[in-house]
Structures are given as structure tokens and as C-alpha cells.
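Each chain, written out:
There are 2 protein chains.
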Amino acid sequence: MSTFFPMNNGDAVYSYSRNSQIQREILDGAKEMMKEAIIKNLDIKSILSSSNKFHITDLGCSIGPNTFTSMQHVVQVVKDKYHDNNLEFQVFFNDHITNDFNTLFRSLPVDRSYYASGVPGSFHGRLFPSQSIHFAHCSCAIHWLSKIPKELLDTNSPAWNKGLIHYAGASNVEIANAYVSQFQKDMEMFFDARAEEIVQGGMMVLISPFSGWDSLNFLGSSLMDLVNEGMLDESLVDSFNVPIYLPSPDDITKVVEKNGCFSIENIELTYPQSKLVDEADAKTFIINLRAILEGLFINHFGSKIAEEAFTRTFLKNKEISAWMKTNYKACQLFIALKRK
Amino acid sequence: MSTFFPMNNGDAVYSYSRNSQIQREILDGAKEMMKEAIIKNLDIKSILSSSNKFHITDLGCSIGPNTFTSMQHVVQVVKDKYHDNNLEFQVFFNDHITNDFNTLFRSLPVDRSYYASGVPGSFHGRLFPSQSIHFAHCSCAIHWLSKIPKELLDTNSPAWNKGLIHYAGASNVEIANAYVSQFQKDMEMFFDARAEEIVQGGMMVLISPFSGWDSLNFLGSSLMDLVNEGMLDESLVDSFNVPIYLPSPDDITKVVEKNGCFSIENIELTYPQSKLVDEADAKTFIINLRAILEGLFINHFGSKIAEEAFTRTFLKNKEISAWMKTNYKACQLFIALKRK
Chain P
6 MSTFFPMNNG
16 DAVYSYSRNS
26 QIQREILDGA
36 KEMMKEAIIK
46 NLDIKSILSS
56 SNKFHITDLG
66 CSIGPNTFTS
76 MQHVVQVVKD
86 KYHDNNLEFQ
96 VFFNDHITND
106 FNTLFRSLPV
116 DRSYYASGVP
126 GSFHGRLFPS
136 QSIHFAHCSC
146 AIHWLSKIPK
156 ELLDTNSPAW
166 NKGLIHYAGA
176 SNVEIANAYV
186 SQFQKDMEMF
196 FDARAEEIVQ
206 GGMMVLISPF
216 SGWDSLNFLG
226 SSLMDLVNEG
236 MLDESLVDSF
246 NVPIYLPSPD
256 DITKVVEKNG
266 CFSIENIELT
276 YPQSKLVDEA
286 DAKTFIINLR
296 AILEGLFINH
306 FGSKIAEEAF
316 TRTFLKNKEI
326 SAWMKTNYKA
336 CQLFIALKRK
Chain D
6 MSTFFPMNNG
16 DAVYSYSRNS
26 QIQREILDGA
36 KEMMKEAIIK
46 NLDIKSILSS
56 SNKFHITDLG
66 CSIGPNTFTS
76 MQHVVQVVKD
86 KYHDNNLEFQ
96 VFFNDHITND
106 FNTLFRSLPV
116 DRSYYASGVP
126 GSFHGRLFPS
136 QSIHFAHCSC
146 AIHWLSKIPK
156 ELLDTNSPAW
166 NKGLIHYAGA
176 SNVEIANAYV
186 SQFQKDMEMF
196 FDARAEEIVQ
206 GGMMVLISPF
216 SGWDSLNFLG
226 SSLMDLVNEG
236 MLDESLVDSF
246 NVPIYLPSPD
256 DITKVVEKNG
266 CFSIENIELT
276 YPQSKLVDEA
286 DAKTFIINLR
296 AILEGLFINH
306 FGSKIAEEAF
316 TRTFLKNKEI
326 SAWMKTNYKA
336 CQLFIALKRK
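Chains as they are written, first to last, in our numbering: chain P, 6 to 345; chain D, 6 to 345.
Any given hint could turn out to be false.
Which copy? The list can't say, so a pair holds if one copy fits it or any two copies do.
When the alpha-carbon atoms are kept at most 25 angstroms apart in a straight line, the in silico SDA-like pairs for lysine to any residue are as follows [stated by the list, open to error]:
#, residue 1, residue 2
1, K345, N57
2, K152, L113
3, K152, R111
4, K330, G235
5, K58, S135
6, K50, V204
7, K84, S162
Hint data in this document are derived by calculation from the structure and do not stem from the laboratory.
Whole structure, please, built from the sequences with the hints as guidance.
Laid out in C-alpha cells, this is it:
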């Protein structure tokens with residue numbers, strides 16, 4: 006069972022293109038670190054040899070605008086490092102086949118300094134010819150699991166996730182373990198594919214959120230409210246799990262070591278400034294969650310229940326603000342890798 | 006004023022994906038010629054040197070399925086010629102930014118033997134890094150003009166195209182001349198861009214329809230019927246011109262010589278077998294026209310008049326069948342070029 010549902014399409018009120026502030030804060034926080042990683046680790050002369058073409062990909066790019074900001078940043082840092090006017094950049098925007106590439110393409114910056122192309126497909130498999138990518142970037146995407154582990158749905162399994170929609174808040178460690186195990190499988194495929202595609206000496210930067218998803222408990226409790234009011238069958242909540250796992254530095258290190266083709270040049274948890282957190286801006290926070298998760302909710306519960314669940318969570322915004330003030334600290338995982 | 010409107014989206018009854026039989030017949034007719042051109046002219050060892058990556062683009066690919074057939078054909082012919090299992094193919098599907106890439110991506114053949122990507126933008130300008138393409142293919146696309154020459158709309162110009170929607174059927178030679186002149190300008194830009202993008206020794210195959218567009222007179226007369234019935238202002242017909250010019254071998258030769266970077270390996274008019282013609286199948290013919298032109302008509306006349314014009318033309322199917330039997334002969338222009 007594939008669990009992929011794209012971010013909300015188009016540019017309407019709950020669209021991802023209008024509601025990706027959390028992802029932008031994560032990216033902004035990583036900008037300087039990415040710059041340092043490129044300056045320190047990228048040796049363009051050795052990886053391009055006589056060519057002047059530098060190939061970049063943004064894996065799991067969604068529909069913008071964040072991907073345009075990151076790609077322009079990578080291009081600019083490389084340009085500033087080498088001052089070589091002959092360098093030409095080709096950017097491959099990748100996301101699932103169900104991603105809204107039409108919106109992505111129509112919002113491409115007119116003044117971009119790279120050739121743009123879109124590559125549809127899952128980054129858990131091969132996307133590019135061998136040794137054809139010089140720099141791979143992946144922000145706010147590896148935490149999406151390719152599927153929900155079966156045992157979470159098995160009423161006879163110790164990992165059955167009754168009454169909850171995520172491992173956050175689950176007291177049973179088997180549940181988190183099932184998520185970890187699926188993440189490891191997914192990342193093995195991810196690294197196997199990238200090891201083929203990235204040239205020797207090429208780089209990969211991964212950026213992943215490391216906080217905020219326990220807020221899913223508020224959405225879960227809104228669903229349980231609907232169960233208690235008789236509007237929703239509890240088995241539908243029991244059979245629903247958000248396919249997101251927030252990897253730790255240790256999770257990544259394990260996979261990279263098992264793969265064996267990359268060296269970790271930097272891996273750290275960082276605590277970026279967050280306007281959202283400073284203002285305990287629960288409304289923006291919930292709308293952002295909706296832009297990300299609405300497709301997933303509609304697919305499982307139908308649009309009426311999905312609408313109810315988000316509306317009710319929205320009404321809890323004071324409670325969520327209070328929670329944000331005491332429990333939520335923006336945190337992200339930054340990893341810079343080099344292909345050996 | 007840009008005149009580009011994409012083929013009808015999606016896969017509904019009048020969609021291009023369901024109604025591209027004429028284009029398929031043109032492609033089928035060109036298959037063998039393309040094969041011969043590749044066998045005779047392509048020297049993969051010299052153009053790839055030590056690399057194993059072969060880059061193909063389909064310029065003006067629309068949304069399928071024809072583009073998948075052609076691309077698989079090119080890949081297969083190259084594979085059969087070289088029997089080199091290490092060869093890897095990357096196909097760049099190009100069309101205007103308003104093309105429905107979502108439909109294109111979702112209908113990509115699962116068993117394709119190439120890496121797929123989409124490149125949005127006009128082929129009258131640069132799309133790729135310099136010297137990065139080994140084989141460019143362009144079928145049923147160069148005959149679309151980038152814009153309608155101003156003089157066709159100028160009531161004071163000898164090229165004013167009153168009461169007609171195309172140069173076909175126009176008695177005034179100035180009208181056809183205005184089309185030719187725009188075609189030459191567009192193709193100069195096209196060849197300038199391709200000369201930069203295609204590697205030395207790389208190839209380009211152009212396939213263009215050379216018959217059938219005088220049928221636009223039937224659509225034009227349906228519009229004039231609406232004018233005569235008071236449903237449509239004549240000035241709206243006078244200000245509308247279909248931005249299509251069918252180039253002759255001579256038109257192409259001129260542009261190629263002016264550009265100077267390509268040698269013509271083959272250029273010929275061919276008369277493929279046509280099921281449409283054999284059966285004088287006017288209904289399929291008109292639906293095909295609709296799939297291609299509806300967006301253009303709706304943009305100029307609004308959807309009500311566009312619908313009326315196509316419906317009325319459809320009612321003329323017997324007249325059109327008779328015309329097809331006596332006047333219409335499927336004909337296409339095939340050109341194989343090599344980058345010097």
C-alpha cells in the first residue's frame with residue numbers, strides 16, 4: 006500500500022504553495038550550513054573534469070516556492086566559489102508522479118540562472134542515469150515513509166496503534182520501532198539509488214524536521230472527538246497512521262554506514278529562529294499541517310470528516326499555542342554527505 | 006501577442022491524448038525513415054566519447070501517447086545499432102509551460118527503457134545547457150507559429166485577412182507571405198538554440214504535416230455562418246488567424262543554410278498510408294482538429310461560439326468526406342539533420 010499523497014495543489018487558501026512557512030524556516034536555517042558545506046567540500050574541477058555542466062537535483066521538491074529558493078541558493082554559492090562564467094547549471098526538480106508539476110513549472114522564476122527540468126518518480130528508486138548528478142538536495146522529504154508498516158494495522162500485533170494516528174504519544178515502543186524499521190528500509194533504497202547517480206566527489210545535503218510532529222496528537226484527538234460523538238467509526242482511526250518518521254542523527258549514520266558509498270561531512274541538530282514559535286502562532290501552524298496532510302486525510306476519511314477534523318483542530322488554537330510555548334522548539338537535522 | 010494554446014488536456018472525449026490519430030499516422034510514416042537516418046548518420050562512439058549517457062529530447066511533445074512511441078523507437082533503434090548494454094538513455098520531454106505535464110507524467114510507460122524528465126519552455130529559445138543533447142526529435146510542432154504577424158490584423162495592410170481564419174483559401178498572396186515570414190523568424194531562433202544545445206555529430210529529426218490544413222476553411226465557413234445569423238460579430242472572425250504554417254522543403258533548406266551549423270542528410274515529402282484518408286473519415290478528422298484547436302478558439306471567441314463552430318463543422322461531415330476523397334492526400338515533410 007503506497008501512502009503518498011501530494012501537498013495541496015494549486016495556489017488556493019490551503020495550498021502548499023501558500024502555506025509552507027515551516028518548511029521555509031527550516032530551509033532558511035540551513036542556508037548558511039549548506040553554503041559552508043559546499044565551500045568546504047565541493048571540488049568542482051575534479052568532478053566536472055573538462056565539462057562545464059553542473060547538475061543539481063531537488064528530491065521531493067513539491068510545488069514551490071521553497072524549492073526555487075534552495076536551488077537558486079545552491080547555484081549562487083557554487084558561482085560565488087568559482088567565478089567561472091562558463092559554468093552552466095541544470096536543475097532537476099523531482100517529486101512523485103502525482104505531484105502538481107504544472108503548478109511547479111508555471112511558477113518557475115523567470116530570472117533563474119539555470120536550465121529547469123522536472124523528474125517524476127519516487128526517490129526511493131532510480132531517477133537518473135549513473136554518475137550524472139553533482140549535487141543532490143533533499144529538504145523536508147526523507148521523513149515521509151514509502152508505506153505504513155503492516156503491523157501497525159494488525160489488531161493481533163503488539164504494534165497495533167489503537168486510537169492514535171502516529172507514534173508520537175504512543176506508549177508502546179513497538180509502534181515507534183515499526184516506524185524506525187520502515188524508515189531504515191526506505192533509506193537503504195534511497196542511498197542505493199543515490200550512490201549510483203551521484204558522481205564521485207559529488208555532494209548530497211539532507212535537511213529534515215526534528216520537531217513539531219507531536220502536534221499530530223491534536224489532530225488525532227479531534228478525530229477521537231468525532232468518534233465519541235458517533236460521527237466516525239473508531240476502526241477508521243485505528244487503521245490510520247501518518248506515514249512520517251523524524252529521523253535522528255543516529256538513524257542516518259546507520260544507513261550511511263551500511264551503504265558505504267558516502268562520507269558524512271557534517272551531521273547536526275540545529276535550532277533555527279522560528280517566527281512561528283516566537284509568536285506561538287498556532288493558526289499558521291495548523292494551516293501548514295493541513296496543506297501537508299489534507300490529501301492523506303481525505304483519502305482515508307473522506308472529505309467531510311477531513312474538513313471536520315481540521316476545523317476542530319483549528320478551534321483548539323489557544324490550547325495549541327500554549328503547548329507550543331512550553332513544548333515546541335523548532336529543531337532540524339542537517340546532513341552534508343560526499344560521494345566517496 | 007503569444008498565440009500558444011496547448012492541445013486539449015486530460016483524457017476526456019475531445020482530449021488530445023484520445024484524438025491524435027493524424028499525428029500518429031504521420032509518426033508511423035516517419036518511423037522507417039528515422040531508423041534509416043540513425044543507422045546511416047549516427048556515430049555514437051564519436052559523440053559520446055567515454056560517456057555512456059545518450060540524451061534525447063522530444064520538442065513540442067504534447068501529452069502523449071505519440072511522444073512515448075517515438076521516444077521508445079529512437080531508443081530501440083540506437084540499442085539495436087550498438088548492442089551496448091552499458092548505454093543509458095535520458096529523455097527530455099519538452100513543451101510549452103502551459104502544456105499538461107501532469108497528464109504526460111502520469112501516462113509514462115511503466116516499462117520504458119529510459120530515464121524521463123520534462124522540460125517546460127518554448128523551443129524557439131534555449132532549453133538545455135550547451136552541447137548536452139545527442140538526438141533531438143520534433144514531430145507535428147514546428148508548424149505552430151510563435152505569434153500571428155501583426156499585418157494580418159491591420160485593416161490598412163494588404164495582408165489583412167478578412168473573413169478567413171488562415172492563409173489557406175486566401176486569394177491574396179500577401180497573407181501567405183506574412184505567415185512565411187513569421188515562420189522564418191521562428192525557425193531562425195529554433196535553429197540558433199539547437200545549434201548551441203546539440204553536440205557535434207548529434208542529430209535532429211523534424212517531421213511536419215504538409216497537408217490537411219485547407220480543411221480549416223470548413224471551420225472558417227462555420228464561423229461565417231454564425232456571423233450571417235447574427236450570433237457573432239464579423240470583426241471577431243477578421244481578427245482571428247490560426248497560427249499554423251506548413252513549411253515546404255525549400256522553407257527549411259533556407260533556414261538551415263542561414264544557420265550554417267547543420268547539414269541536411271535527408272529532406273523529402275512522403276505520402277504515408279492513411280486510414281483516415283482511405284475511409285474519408287471526416288468525423289475523426291474534425292474531432293482531431295478540435296482536440297488541437299479548441300483552446301485557441303475558446304480564447305478568442307469564448308466557449309459558446311467555439312462549441313457552435315465545432316458542432317456545425319461536425320454536421321458538415323459528408324461535405325468534408327467528399328472533399329477528402331477528391332482533394333486530401335496525406336503528406337508529410339521529413340528532415341534529418343546532423344550537427345556539423
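Now the hints, each set against the structure:
1. K345 to N57: Both, since 21 angstroms and 21 angstroms are each at most 25 angstroms.
2. K152 to L113: Between copies only: 23 angstroms across chains, 31 angstroms inside a chain, cut-off 25 angstroms.
3. K152 to R111: between (30 angstroms within a copy, 20 angstroms between copies)
4. K330 to G235: For K330 and G235, the Cα distance exceeds 25 angstroms both inside one copy (33 angstroms) and across copies (69 angstroms).
5. K58 to S135: Classified as both: same-chain Cα gap 16 angstroms, cross-chain 8 angstroms, threshold 25 angstroms.
6. K50 to V204: Answer is both; intra-copy 13 angstroms and inter-copy 22 angstroms each pass.
7. K84 to S162: Answer is neither: 54 angstroms inside a copy and 50 angstroms across each miss the 25 angstroms cutoff.
Hints 4, 7, counting from the list given before, are not met by this structure.
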